[in-house]
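*Asks:* For this one, chain A is given, so just place chain B on it according to the hints.
Keeping their order, the protein sequence lines are chains A and B. With my numbering, the residue at position 39 of the first sequence is 39, and numbering never jumps. With my numbering, the residue at position 208 of the second sequence is 208, and numbering never jumps.
Any given hint could turn out to be false.
Below, in silico cross-link-like pairs of lysine-lysine (DSS-like), each with a Cα-Cα straight-line distance of 25 Å or less [unchecked claim]:
| no. | chain 1 | residue 1 | chain 2 | residue 2 |
| --- | --- | --- | --- | --- |
| 1 | B | Lys174 | B | Lys142 |
| 2 | A | Lys435 | A | Lys353 |
| 3 | B | Lys174 | A | Lys249 |
| 4 | B | Lys142 | B | Lys132 |
| 5 | A | Lys501 | A | Lys435 |
| 6 | A | Lys249 | B | Lys111 |
| 7 | B | Lys142 | A | Lys249 |
| 8 | A | Lys289 | A | Lys548 |
| 9 | A | Lys501 | A | Lys21 |
I should point out that these hints are in silico values taken from the structure, not numbers from a laboratory. Values in this document were obtained by computation on a predicted structure and should not be read as measured data.
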Amino acid sequence: MSATSSTIVNLPDQKTATLPKRNYLNNEDGLLSWLFTGDHKRIAILYLISITFFFFIGGAFAGLIRLELLTPQPDLVASDTYNKFFSMHGIIMVFLFLVPSVPATLGNFLMPIMIGAKDLAFPKVNLLSWYLYWVGGLFTLAALVLGGVDTGWTFTTPLSTHYLNTHVVTAAVGIFIIGFSSIFTGLNFIVTIHRMRAPGMTWFRLPLFVWSNYAASLLMVLGTPVLAITLVLVALERTIGIGVFDPTKGGDPLLFQHLFWFYSHPAVYIMILPGMGVISEVISTFSRKRVFGYTAVAFSSVAIALFGFFVWAHHMFIMGVSNYSALVFSLLTMLVAVPSAIKIFNWAFTLQKGSITFETPMLYAFGFMGLFTIGGMTGVFLGALGMDIHLTETYFIVAHFHFVMVGGMLMAFLSGIHFWWPKMTGRMYPESLSKLAAVTTFIGFNLTFLPQFILGYLGMPRRYHAYPPEFQVLNVLSTAGATVLGVGYMLPLLYLGWSLKYGAIAGNNPWQATGLEWQIQSPPLTENFIEVPVVDHEAYDYEWLAHKTEQEVTTVG
Amino acid sequence: MIVATRPHTHETAQPEEHAHVALPQHRHHFETQEQQREAATFGMWLFLLTEIMFFGGLFFSYLLYRNWYYDAFVAASNQLSVPLGGTNTAVLITSGFCMAIAVWAAEVKKKGLLVVTLILTMLFGCIFIGIKYDEYHEKWEKHHIPGEHFDVAEFVNPHAYGLKEAPLAPDAAKKTQIFFSLYFAMTGLHALHMIIGLGILVWLTLRAHRGDFTAGYVAPIENFALYWHFVDIVWLFLFPLLYLINRHPV
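Isolated chain B, as found in the complex:
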């Protein structure tokens, strides 16, 4: 027969402190708070999977063209600033570290620490965007934005084949535009994710200040942290691919 009251068969035991208390955030269609938390986390992981596929199209294009137009990509990547990109990498990792502490703070119910670390995460995120803006601005001034005004004059083959810096062959020079198309598409999409993340952080900070996440309901903080770390990791692939590899061909 089909009708029976549900026994407590759910695999995961509930934490003691809210075994019998339905938190206000508990949605009616979940049997337990734990089930709700698991579903949210699983959903977030799946969403990040779609994000990997989303960025994947760009990574695929980048690898293909890098293979085809190797000289152009080497020359173009030399126009990117490693110090700025490196600084941004450090800034982003620090931001991710703050976010990780924020998760811990929410779990051990330290409201003050949670708010402070969320604000720090935001702050480092803003620094990242600021530096990114500076880099974009420099590309604008040098006419390295793809389109009608794209200027190939500054692209050279650095120390190519043991010789001095040599200007790029004309056909290769044209292909540098593809590098910058992909550079702007990839870093732009990444920056867009950062900006969306910063918007969510503002909202989370306000709610954390209200005390929403320090009473046993931490799923939004945890899931946002997954998102934020994902954005970090995308940058950790972008930075070497765009800035570092093969700056100096043999």
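Next up, chain A with everything else stripped away, as it sits in the complex:
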């Protein structure tokens, strides 16, 4: 599938084209110039390498889990080892991959360029975030090497504080430190968006990717500290025995749940909102239209962030919250579906009568829309009080949040990586392989997680390493799907690595997109812009772009 008339790829003449002589990648040489960099683009690359590393560790644990569940018997590992597998899978994937993935890589790289700034407001704080990420990551890995954690990623008390004698404190310290990394990233983004916009870049000219990162940053800044203090209390309870969560001393385990989910439900939106921003960019570019209802999509990001703070107790419907609060939280939970649906419908309207082309990022974006819709709809099931009592702690839950976070977030991440790969590296990825990877991922994903909805509905509980034989067929399907999915994830790693050296030269604007990031050279200069741009058009204004191309104005140095 090479570029045909149905694509919009606009590459320079490959015989004469070269990468720009001076860019952020070769501006300075040596490992130290990377480790002490203040450049948001280089920090984004550091993050990209780091989160890929952790993603494959977390993925390896997912593979082990699926391998154990291939047969009904507990034959691969003992139950406590299995508990450690899913705990490490959850902890690594949530805190070290999903939460930082889009903001810390794509957001770091693109957000300052998109608003016409030379860098984030606090470059040193940005670098500090990356170091904190690694310190926290090393603590988490230490917990793993020393013998693991078996509380699940939720650290639920009194399980974590009394009954399980594993390295909970080490892991909690790790998450605490990673939390600060997240807080600083969010803080940096908010200040940058408020104070560093180029002249003419008004709030309603911001690309939707910036809006969604702004909303996610609000959640990071307001939610993460509450998680931090909760983990401090868990660690204090384990080490010196203060009784805040310990029922034998009058403490309340339910308090832990309130504090933990006050962060950890909004954390889902920290994960998904930046992904939604990616999808807005991709859908607009490959249908050559302004995003339908731009303002509604922008505000729906903020609405999701706001509502996200008022739904946490739906994690506790079966844990003893009162009927009245359960009803209220059930209603509030369903309300989040409204801004989410606004986005999905507006993307659909954007596609309508657009000049749609199916580049790889668009394939992933379609994957996102389908899978996130299923994930979101099943979320409404779970928000409904009666249904939740039947389905909670079953594989239905597992399937639901994997549809949202893996089917949604990860698809969006891959979409964004492919979309901006030419900008980040100056080179294209191989077209046919990448399309194969997108399709493989989509098929593998559905094969893995659709059977789990049925398993959950039939009553198979999560977090068990053995199950009744009648569930085996569906589990075998799911494990087979996980294998396909693994192949789908390995492919981009291989061909993107290949493209770094052998990929076609991309030129400044291969997709003929409108964002400021496409008007500068690829890869960009260290200072992004030679002169500060003055913005005089709306986001996604393709007529402006056509006009501009005629004049052949460029900012390439």
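*Replies:* Chain B only, in chain A's frame:
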């Protein structure tokens, strides 16, 4: 078209004295010194917002348990020393006052006054920590530190319901441990913030002595003052919540 030199459209006018002078502290990615200062201040306010949420978890827990274990919390709070806590409140407010003068001194470029007020701020901060240490030490001797050696013998209901001081019911007595858990968590976290602040103050004082902040670059002093006042304000909530309210129930 997209390329143009940036006109001077930035909302805030620059102070005259450094309109055309790039100070050495000016970072390359800011267009103006004023933009840099605004960004730093805004960042500090946001950071303090995260701090409010950080302490918020503890305040929430405290209010919840105070509501549940009212008698235990009344009895336990009577073991705290109001004179010591009150003195510390006064000390902390004085320290904050010194810090406010330090900001003014930096803005009007009085180097000597700036250094002196920074040192005074530090001094009062140290007195606060000293008194706090004394209080902690007393709790240690009375076995009021939560854990295995926690001793409930001294907790009484002061003048409860018009009667003489009465010993606490056994189940309520156990709950006093939660009060002290939260007391140590909250005041400990507050003290940790003070100690971090004192460390930064040492560094700021050295730089002030070198003359860094009396040439038109005052953002670090201003932003540290915001932090220091925040720590004061947290104490102004902690003091009544832990020491004062409902010492004598009706």
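*Asks:* Please list, smallest to largest, the hint numbers that this structure does not respect.
*Replies:* 6
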